[in-house]
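Undergrad: Start from the sequences, fold in the hints, and give me the full structure.
There are 2 protein chains.
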Amino acid sequence: MNQAYCIATYRCYDDKADFHKKAQSIAVGLTVGSWTDLPEARKKEMEKHLGRVVSVDVHEPEGAAPGERYADLKIAYPDINFSRDLPALLVTVFGKLSMDGKIKLIDLDVSDDFRSAFPGPKFGVDGVRELLGVHDRQLLMSIFKSVIGHDLPNLKEQFYRQALGGVDLIKDDEILFENPLTPLEKRVEACMDAARRAEAETGQKLLYAVNLTGPTSQLAANARKAIAAGANALLFNVLAYGFDALHELSRDPSITVPIAAHPAMAGAFYPSPHYGISAPLLLGKLMRLAGADLALFPSPYGSVVMPKEENLAVKDALLDRSVPLRTSFPVPSAGIHPGLVPLIVRDFGHDVVVNAGGGIHGHPMGTEAGGRAFRQAIAACGAGIPLREAAAQSGNEELKAAIEAWGVKE
Amino acid sequence: MNQAYCIATYRCYDDKADFHKKAQSIAVGLTVGSWTDLPEARKKEMEKHLGRVVSVDVHEPEGAAPGERYADLKIAYPDINFSRDLPALLVTVFGKLSMDGKIKLIDLDVSDDFRSAFPGPKFGVDGVRELLGVHDRQLLMSIFKSVIGHDLPNLKEQFYRQALGGVDLIKDDEILFENPLTPLEKRVEACMDAARRAEAETGQKLLYAVNLTGPTSQLAANARKAIAAGANALLFNVLAYGFDALHELSRDPSITVPIAAHPAMAGAFYPSPHYGISAPLLLGKLMRLAGADLALFPSPYGSVVMPKEENLAVKDALLDRSVPLRTSFPVPSAGIHPGLVPLIVRDFGHDVVVNAGGGIHGHPMGTEAGGRAFRQAIAACGAGIPLREAAAQSGNEELKAAIEAWGVKE
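As given, the protein sequences belong to chains Z and F, one line each in that order.
Be aware that the first sequence starts at 0, since it is given in numbering that gives the first Met the number 0, and climbs by one per residue.
Be aware that the second sequence starts at 0, since it is given in numbering that gives the first Met the number 0, and climbs by one per residue.
Think of the hints as simulated: they come from the structure by calculation, not from any bench.
Hints may contain errors.
As the list claims (entries may be wrong) - No farther apart than 25 Å at their CA atoms in a straight line, the calculated lysine to any residue pairs in the SDA-like style are these:
#1 F:42 - Z:150
#2 Z:101 - F:10
#3 F:73 - F:308
#4 F:43 - Z:180
#5 Z:73 - F:172
Remember, it's a predicted structure, so these values are computed and weren't measured experimentally.
TA: Structure, rendered in structure tokens:
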């Protein structure tokens with residue numbers, strides 16, 4: 000094949016199907032529609048539009064119980080069939096097919112040509128580190144304790160307390176929409192003012208990812224308003240608007256700040272073994288292709304659980320250096336306290352954002368201490384010091400208290 | 000409660016959970032964040048932001064096997080917490096929660112106040128009938144046999160053959176994107192020219208739903224281009240762009256034609272019993288709220304199967320007269336041949352679009368005859384004549400041939 004193809008991998012459960020036949024019918028049905036009944040002359044013209052079966056890998060363990068037989072099908076779709084945008088690609092490979100029995104889209108390898116239409120993350124891991132001036136450790140993000148029903152002074156105070164603890168990023172709650180108590184621009188002004196006050200004390204830079212919401216057609220304008228008001232990052236509920244909305248924001252030269260992609264609604268897609276779109280594709284590969292500078296996804300440590308191998312596959316998709324796009328910062332979220340930092344570092348490595356809510360606000364000595372405890376844990380990991388040993392050192396009282404409250408896993 | 004709430008219903012599987020506690024934690028966690036630890040004075044201010052548990056209906060049959068225990072939870076979310084758009088509502092009720100175990104969003108009752116921000120379908124069932132001048136029977140839609148790799152003369156000829164058979168609507172394939180062989184405006188011109196030629200012969204009006212594609216920010220402009228070129232309907236892959244994109248198109252006064260919502264990617268959401276969003280909500284209620292004049296969804300007759308009770312629930316959501324919005328035309332699709340028309344009419348009633356592809360193009364006497372056979376079947380049902388009896392009448396040779404090929408179900 001000397002033309003460009005995007006290759007979709009499906010996992011397809013069926014106790015009886017002829018998977019080779021099924022793969023063939025997908026490759027033809029979702030491209031040229033019919034093949035065998037075409038005249039030979041016409042086949043020549045149509046060949047470049049024809050999908051190809053790349054592989055059919057049947058898993059049929061001996062004595063398989065009903066419901067256990069499946070196959071992984073790889074189908075190559077000619078780029079010539081679709082425009083260079085994610086709605087076109089997704090509708091081609093998983094539009095009608097999504098409704099055709101127990102079938103899950105587990106991977107998608109786009110061609111170099113298709114990818115060339117995507118600038119990807121504008122900042123990515125390196126750019127975000129550059130903005131913060133932090134290169135030698137994992138980053139720390141915190142979220143507000145609660146936001147709905149709170150006014151600007153309250154949010155500002157919450158922000159300030161978090162900032163004082165030494166966090167690198169603070170993000171809005173994803174359910175904070177335009178509202179009279181804390182409207183977008185006023186909120187940005189209040190929080191960035193708190194950020195400056197904290198920076199004067201800590202000497203540390205901070206990104207505030209304000210939640211970008213509203214009608215689809217107003218997203219870019221709202222982003223510009225937020226930036227004009229001082230916002231230095233954005234949070235975006237990608238799946239509520241579609242990947243193309245993120246792509247358009249990320250490629251817009253007037254949007255000059257990193258975008259953190261929130262996984263809201265992702266659970267409607269990835270957890271079923273039989274249906275939907277796999278987490279590494281949905282929250283990893285596609286988020287990065289669409290331009291997420293940071294990508295949040297469920298951590299393997301909290302109550303919102305995703306199997307650890309899936310977590311790591313999401314991370315790998317965000318950081319894969321063989322893909323010619325900037326990398327996206329992995330932000331595993333939920334259930335994180337300072338005692339988990341060694342585990343996070345072991346699982347995710349150097350380029351990870353440690354993201355905490357209750358693990359910061361619920362610290363026995365308060366929010367500010369919560370941030371400090373995390374920074375002490377991150378520093379201990381960087382220095383190769385076991386957490387309990389670090390907690391015993393003078394100056395690490397906050398880490399000590401955190402460990403007393405939540406324990407350590409390393 | 001004398002304030003407005005939107006009520007979400009979830010089905011939640013868990014062998015052991017205290018579902019009442021879970022419901023309470025959702026109602027608090029997805030609204031004010033925390034409640035019991037708030038000072039009494041603060042509770043007064045926060046009360047209007049607090050979610051409420053409406054009901055918890057536990058299904059725990061005696062001797063239930065593992066995996067069978069579930070509960071339906073109804074939670075009321077105060078409108079005051081979110082803006083009047085579907086991304087905000089969906090992120091509120093099923094953002095983070097979608098990732099919290101085996102939980103499926105099965106229904107969503109929006110408040111009158113929330114709904115008032117949605118004009119809904121611009122045409123709806125009555126408006127589409129008005130445009131076509133057809134009030135006394137079910138409508139007939141056909142789709143192209145194949146589109147990818149075909150040029151304008153070929154598409155025009157396919158269109159003309161379908162139109163001559165007496166179909167009311169012809170829709171593009173949802174996987175036909177902007178391409179050099181059949182670019183949007185040229186395609187509209189060619190097909191509408193074929194429509195006019197056919198109308199001169201049949202005396203019958205016809206809507207052509209051209210596929211609206213491209214970058215999100217260009218959708219409205221592309222729609223206007225198509226309309227300027229003569230398009231009198233649009234097809235739109237709603238779920239690839241998000242419900243808000245449909246809402247914005249439908250409320251745009253410059254988009255003066257009906258929009259048919261395609262269900263591409265819907266199978267990533269609805270089929271799992273444990274995860275996702277139910278079909279009646281996804282393809283029925285939300286499509287209508289977002290402004291679909293016609294809504295396609297899998298029929299209960301074809302290979303792309305949805306249980307019939309779900310099909311009928313989708314239909315009911317589209318047609319429910321108690322909702323103060325125009326109704327949306329139900330278009331059950333896939334696997335439909337003329338012999339199924341009595342069943343379709345019995346299942347779906349008067350306001351349904353009979354939508355066929357293979358059942359028209361695969362007719363033994365050709366495409367044109369395929370359309371005629373369907374129209375004869377629809378006429379027979381309207382006159383209360385059993386299909387086999389109608390097929391024996393003179394003038395109904397096409398129906399006779401269709402029944403010989405595919406049989407009858409009535």
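Undergrad: All hints are to be evaluated individually against the structure, with a verdict given for each.
TA: Against the structure, the hints:
1. Using a Cα cut-off of 25 Å, the hinted pair residue 42 (chain F) and residue 150 (chain Z) holds, with the two alpha carbons roughly 14 Å apart.
2. Distance restraint check for residue 101 (chain Z) and residue 10 (chain F): the Cα-Cα separation of roughly 20 Å lies within the 25 Å cut-off, and the hinted pair is therefore satisfied.
3. Pair hint residue 73 (chain F) plus residue 308 (chain F) holds up; C-alpha atoms about 21 Å apart against a cutoff of 25 Å.
4. Between residue 43 (chain F) and residue 180 (chain Z) the CA atoms are separated by roughly 16 Å; this keeps the pair inside 25 Å, and the hint holds.
5. The hinted pair formed by residue 73 (chain Z) and residue 172 (chain F) meets the criterion: a straight-line CA distance of about 23 Å does not exceed 25 Å.
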